[in-house]
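A.B. asks: Residue numbers (the numbering used here), protein chains in the order written: chain L, 1 to 305; chain V, 1001 to 1305; chain G, 2001 to 2282; chain C, 3001 to 3282.
Bear in mind the hints are in silico, worked out from the structure with no lab data behind them.
Here the structure is a predicted model, which is why all the values come from computation and not from measurement.
For each residue, glycine too, the CB sits at the ideal point set by N, CA and C.
Misleading hints may appear alongside valid ones.
Said to hold, decoys possible - Computed Cβ-Cβ distance ranges for the label pairs, DEER-style:
1. A231/L x R2262/G: 31 to 41 Å
2. D179/L x D3272/C: 39 to 49 Å
3. D3259/C x S101/L: 31 to 41 Å
4. T156/L x D2092/G: 31 to 41 Å
5. A87/L x D3167/C: 58 to 68 Å
6. A1002/V x D3167/C: 37 to 47 Å
7. G3185/C x D199/L: 52 to 62 Å
8. A285/L x T2102/G: 48 to 58 Å
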Amino acid sequence: MATSLAAVTLGNPVLTASGCAAAGRELAPFLDPAHLGAVVTKSVMLRPRSGRATPRMAETPSGMLNSIGLQGPGIDAFLAHDLPWLAERGARAVVSIAGGSVGEFAEVAQRLVGAPGLALLEVNISCPNVASRGQVFACDPMAAADVVRAVKAVTTVPVFAKLSPDVTDIVAIARSCVDAGADGLSLINTLLGTVIDTDTLRPVLTGITGGLSGPAIRPVAVRCVWQVHAALPGVPILGMGGILTGLDALQFVLAGASAVSVGTAVFHDPSAPTRVLAELRAALAARGFPQLTDAIGLAHREPHR
Amino acid sequence: MATSLAAVTLGNPVLTASGCAAAGRELAPFLDPAHLGAVVTKSVMLRPRSGRATPRMAETPSGMLNSIGLQGPGIDAFLAHDLPWLAERGARAVVSIAGGSVGEFAEVAQRLVGAPGLALLEVNISCPNVASRGQVFACDPMAAADVVRAVKAVTTVPVFAKLSPDVTDIVAIARSCVDAGADGLSLINTLLGTVIDTDTLRPVLTGITGGLSGPAIRPVAVRCVWQVHAALPGVPILGMGGILTGLDALQFVLAGASAVSVGTAVFHDPSAPTRVLAELRAALAARGFPQLTDAIGLAHREPHR
Amino acid sequence: MTAAQVSAPVVSTEPVGAYQLITLDAPAIASGAEPGQFVAVAVGGPETAMLLRRCFALYTADSATGRIQIVVAEHGPGTGWLVQVRPGSELDLVGPLGRPFTLPDTPGAAVLVAGGYGSAPMFDLARRLRAAGSAVQMVVGAGSAERLFGVDEARVVADSVVVTTDDGSVGVRGLVTDMLPGLLGSPGVSTVYACGPMAMLRAVAGLATSYDLPCQVAVEESMACGIGVCMTCVLPVVGADGRTRMVRSCVEGPVFEADRVRWKDVGTLPGDVVGADAMDLR
Amino acid sequence: MTAAQVSAPVVSTEPVGAYQLITLDAPAIASGAEPGQFVAVAVGGPETAMLLRRCFALYTADSATGRIQIVVAEHGPGTGWLVQVRPGSELDLVGPLGRPFTLPDTPGAAVLVAGGYGSAPMFDLARRLRAAGSAVQMVVGAGSAERLFGVDEARVVADSVVVTTDDGSVGVRGLVTDMLPGLLGSPGVSTVYACGPMAMLRAVAGLATSYDLPCQVAVEESMACGIGVCMTCVLPVVGADGRTRMVRSCVEGPVFEADRVRWKDVGTLPGDVVGADAMDLR
Ligand SMILES: Cc1cc2nc3c(=O)[nH]c(=O)nc-3n(C[C@H](O)[C@H](O)[C@H](O)COP(=O)(O)OP(=O)(O)OC[C@H]3O[C@@H](n4cnc5c(N)ncnc54)[C@H](O)[C@@H]3O)c2cc1C
Ligand SMILES: Cc1cc2nc3c(=O)[nH]c(=O)nc-3n(C[C@H](O)[C@H](O)[C@H](O)COP(=O)(O)OP(=O)(O)OC[C@H]3O[C@@H](n4cnc5c(N)ncnc54)[C@H](O)[C@@H]3O)c2cc1C
Ligand SMILES: Cc1cc2nc3c(=O)[nH]c(=O)nc-3n(C[C@H](O)[C@H](O)[C@H](O)COP(=O)(O)O)c2cc1C
Ligand SMILES: Cc1cc2nc3c(=O)[nH]c(=O)nc-3n(C[C@H](O)[C@H](O)[C@H](O)COP(=O)(O)O)c2cc1C
Ligand code: FES
Ligand code: FES
């Protein structure tokens, strides 16, 4: 079930999602990271970050809100401890990077040049957990493009821009990133949401808003993949948002994704990525697809058979 | 539990949602429409509309997609048959109007002038079911304002603009509508989504995309209410999106809504609006609120008691 | 009668061939329900991700005992949950819903055509037809033996019964519609009733028309609300004025006069439907 | 030992006071689990809207029988579902998770303080402590009699037991912490263990510090994953290097050295936490 994301060929199309698998190690009791298409690591920034105060999560119908605030060790500790672990186990790494400025993105990408096991960079320009909505790069085509351009300038691995669904026109943002050199797109990050605690009469999350993920958002995610693939059929898409099963993954593939990330499902089922992979393989076989690539974007074509 | 939406005082804060209660009549076996804050009718347009081909719906986790295409009898038949029925039963009507052009909105509003039982106009500038995304008024502050201005020019009842969450900055749209004369805002309409049928390998909905509603979207809806109330605290909000229970309704009130609409929940439970009302009343009493208005927007204030 | 929302105890539930026969204590629904009407059942229990009710034709509705029965084919997660429900638990029902079959003004001979679980509403219909003086001939078909429902009961309530299966495991190999030309042409046959998959209904409708027989069909469209408020369950139906409208199958159906339904246009939007011209506005 | 994901048959489930005691057949979890560890249980069944697992301390884990037990307080919809689960059905479990209590290097006298269902992990702990030569004194408290769990068992596994209830319905009226000054000051007491609500843990931690006693607490933070990948369950904990970090209570806890936890800063972000300075970047 090989697939490719731009210049990178993956053994199979099922990856973890950034922020839902840490850097892979904690999943080892439940799955072999080398058996996944790749492990997408939690977005890493230049310096260590504490993340926000708790509560950082709220369960919602068929989903959850999170407001982690990009807690992480910073790029140096990540390079020293996290990436080598993946490389030693033969797992491919898609490293998600984040930054508070174009320069920070570029700096993090720079430090990752030549890192062992690094297959691809996912540029998280869309995390809605950060306080100032005005500063979400993914909501502004220009800012998004600036980040992509700066990262492309320093790295040799393919660069995927990860977009936010919280925009009026996701195709415009996608196009802007691709024009700036993005080799592909990761769709989608979480939706901005709020839950009020009806006992304390205040928002549950310290950050008031958080990112909504899980099956609740799957139709929005499939729609984004559909729209972007329709507009930019040549651009590889890593699809995600609410994938729980192989058939969910197949929806993304049919809508235009070349590979998928399994995120929140891991919290429900730590071996979800390998299960989804097995189910997707079976679903493709049952539908007579000799290979995954035959199914990518097929839902855009007029009824066949 | 009286509340007011701009100049209109309602006996209680629980309404139906446009498109989820037709014009009230079909709910009569399950509830007395006169016991609701108001009945919000299905968006009516100038001419009769067939709506789209089926399939028009898909169930999704904790939600559903619909792609009705604003099927309706047109304003003349609505005035002849639907509105009088509500008026005879002593129910207040919030009439939702839609249009393909600014002129159509104004024309529909014009025909409604002096209609019996009409309490308020809800201007549906945000229906995502129409084919051309570019033409969704609610995604463009200018277009949204144009509609509001045109409707305000012909009517004497308060005008609420109903916004779409599928925008980068809902506060900007809200502000634009209010500046154009909107007396209040209805938040939110459905989110754009797609489901692919993994058997036919094509989108389930004939219209490819549809509107996502139900509890799945509740955190997004509460967030929109929160953001708009924070920015425009004086503007009354009719809140909606995934309300199933009185505590769900309370979340909207605490976030800043003066009243709520119960939409998709009616499909699960035809008497949901009256149940939600009873539950909300009990929840307010249990929390020691002498009246609803004491709770509106309270979650924005620092912890009390 | 008016629909009610009730919490109905499950009296019993048992497999019958490929189906699950569920008996419920629901007096408010049982009293006054008529053949062809249906109930909408909440599935999945509290905190379920399945928001929409599932619809099932009433197989029986006995106002004396207050009981109703439905015949459930396991299809997806909703019916998967339903067939597992245990006696003693309660189901949240709304019903009876929809327009029932109507009896002919004058007695005659009726042909009742049923595919799969589509036979469920046919037995009560047959009893009523016979009580009103009509003769009843039933054609009951399914893909295979275990997907036939109620063949024995058909033999009791009908004057004659023909059974078909696609695989020939029981009765005549073939489709119910293969049997119709002979039956519909028989002397005295005056009306046709059908319930089953849409493709079957369409074929039955075509045959009834060619024999110039009135025909009522119970259709099965995807329904979000079941009570007429959402407009998801429509199909193109020709009105008394000769104009086609997108008509709600939950309240104006599920039973329609077969010749009113624009069968080949189901799932499309024919240009001559009332209001179709307004659709290209945007 | 390594955590496993298993489908565990429910052997029995019975109310015990305000709680439901659930016994499960889960050999992969039972073998090697230690007191203070927990399991994460999927709730709601298929098609549930409840995506996240619920966490419960292991009350018992018997590698010989392969059985484990948890004590469930009904709180919201997830636990509401769990207390209804019937014997014979299967629960989807992940465990054992988290860092357990550790035994002292040298035997002494241990005081075990438990609030409500927080006593669940204490009995196995008491047995292990006694087996290793320590004396065990237990203080078991709750709001009211029916919210006490395991008082009789405490009398078996501990050398002495004090019971408190807020309402005085059983034992001494008051809080467990009211009893501690006397106990912690007794000669020979060398270590303290606690499990219960955060406010209780904080008070116990304060008292242990004032008596200069080592103290381990099992905290209860809201957890999305339970396995260390999501970072929702953090609290500010001082490391060996003296610096405070936001530490995951699911993998680096739930058992912490009480004096490492910055109790009054839980739920806040103190400025001196490692990486807090990077937070105002945006
Ligand atoms: C008026 C009416 C009478 C019916 N009578 C019976 C009956 O007597 N016995 C029986 O077994 N089934 C009957 N059905 C079909 C039954 O409602 C569906 O099989 C069931 O809803 C499928 O739900 P699911 O969750 O198992 O499948 P899913 O496919 O997962 O359902 C997903 C969604 O699609 C809808 N849906 C899927 N299939 C159908 C269908 N065939 N018809 C309508 N909606 C569908 C569901 O209601 C649900 O909203 C009837 C349907 C209608 C409309
Ligand atoms: C390590 C650990 C051990 C625990 N041991 C036990 C035990 O032995 N017995 C017992 O009855 N309970 C125990 N709990 C608490 C139990 O997990 C919660 O009561 C339960 O998750 C509530 O779920 P709910 O759906 O009923 O409530 P809801 O409030 O509806 O839950 C909503 C969400 O909040 C989370 N949540 C709510 N309350 C808590 C809480 N107190 N702690 C953590 N998460 C919470 C839930 O996991 C869920 O994700 C433990 C919690 C943790 C973290
Ligand atoms: C707890 C949590 C943390 C996340 N952290 C990140 C992150 O650091 N960077 C990022 O790009 N996306 C992050 N995401 C978003 C996911 O990668 C994914 O895009 C989103 O959750 C939708 O997929 P899902 O529904 O399968 O989880 C996070 C999501 C969750 C639930
Ligand atoms: C079947 C259906 C039809 C709808 N039709 C309309 C409509 O005509 N006009 C409108 O403004 N909103 C319409 N809506 C949106 C609802 O009024 C409401 O804004 C949305 O569904 C969110 O609320 P809910 O989750 O409670 O349903 C429709 C929603 C559904 C599910
Ligand atoms: S199912 Fe809602 S109108 Fe028919
Ligand atoms: S609960 Fe996910 S890291 Fe602890």
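A.B. asks: Can you tell me whether the CB distance of D3259/C to S101/L sits inside 31 to 41 Å?
C.D. replies: holds, 39 Å
A.B. asks: Within 58 to 68 Å: is that where the Cβ-Cβ distance between A87/L and D3167/C falls?
C.D. replies: holds, 59 Å
A.B. asks: Within 31 to 41 Å or not, the Cβ separation of A231/L and R2262/G?
C.D. replies: holds, 36 Å
A.B. asks: Do the Cβ positions of T156/L and D2092/G conform to the proposed distance bound of 31 to 41 Å?
C.D. replies: violated, 60 Å
A.B. asks: Okay, A1002/V versus D3167/C on CB: inside 37 to 47 Å?
C.D. replies: holds, 40 Å
A.B. asks: Given a hint of 48 to 58 Å, does the C-beta separation of A285/L and T2102/G actually sit inside it?
C.D. replies: The hinted range 48 to 58 Å holds for A285/L and T2102/G, with Cβ atoms some 49 Å apart.
A.B. asks: State, for the Cβ atoms of D179/L and D3272/C, whether the hinted interval 39 to 49 Å holds or is violated.
C.D. replies: Given about 44 Å between the Cβ atoms, the range holds.
A.B. asks: Does the Cβ-Cβ separation between G3185/C and D199/L fall within 52 to 62 Å?
C.D. replies: violated, 38 Å
The structure is inconsistent with the numbered hints 4 and 7, although it conforms to all the rest.
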